[in-house]
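Hey, can you work out the whole structure from these sequences and the hints?
In order, the protein sequences belong to chains A and B. First residue of the first sequence? That's 1 in my numbering, and the numbers climb one at a time after it. First residue of the second sequence? That's 1001 in my numbering, and the numbers climb one at a time after it.
Source of the hints: derived by calculation from the structure; they are not laboratory data.
Listed next, the in silico BS3-like pairs over lysine-lysine satisfying Cα-Cα at most 25 Å (straight line):
{"hint": "1", "chain 1": "A", "residue 1": "69", "chain 2": "A", "residue 2": "58"}
{"hint": "2", "chain 1": "A", "residue 1": "77", "chain 2": "B", "residue 2": "1042"}
{"hint": "3", "chain 1": "A", "residue 1": "22", "chain 2": "A", "residue 2": "77"}
{"hint": "4", "chain 1": "A", "residue 1": "22", "chain 2": "B", "residue 2": "1042"}
Partial chain A-side listing against chain B, Cβ under 10 Å, derived:
{"hint": "5", "residue": "43"}
{"hint": "6", "residue": "96"}
{"hint": "7", "residue": "107"}
Here a beta-carbon is modelled for each residue, glycine too, at the ideal position from N, C-alpha and C.
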Amino acid sequence: AQSVAQPEDQVNVAEGNPLTVKCTYSVSGNPYLFWYVQYPNRGLQFLLKYITGDNLVKGSYGFEAEFNKSQTSFHLKKPSALVSDSALYFCAVRDVAAGNKLTFGGGTRVLVKP
Amino acid sequence: EPEVTQTPSHQVTQMGQEVILRCVPISNHLYFYWYRQILGQKVEFLVSFYNNEISEKSEIFDDQFSVERPDGSNFTLKIRSTKLEDSAMYFCANARLAGPTDTQYFGPGTRLTVL
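Right, here's the structure in full:
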């Protein structure tokens, strides 16, 4: 079965500093990986995805993610965090064998302090 | 980003009552999904739906649950007889195609509270 792990429940970072949110995955077959962000009282907003090709994927709001096959990781990064980046971040993997449903990690809360 | 809308935003119901959660999809996005998130837990897949048929469902999606597109537009999730443990945030998601590379766009969710 496919699975996703987000080892940190919360990440605290000062505004202007680099932000990294960790994600590791376990899949059989090719990994199709996604990052979503959830702001308070809002739904899940798509940030970026890895399908194939370049290991560095660029997404919305200045976020990027690095796919590392040998470490089975797909960490989300932002070079300079903003207070407005404070939110809940979810990593997900597509389960191709099960109707392409998304399997989510537990989420990481990011708090960016001014 | 394309927008999926959901109504109501918050539904409070008594145990044993039926509830219907509604989702208005993105135009030309014909693949539908329902997920739920119990407070403090992971987002979990419930069901996928295409061409008026369920494509895949999880073990959570038992006989109490059903989905349909009654008017060819809105997509609904019905819970026939709600239980306390059905209290959760329910998200509708919508994709243009069903392939593994296609992005699922999520609605803002309906918070269901069963008393």
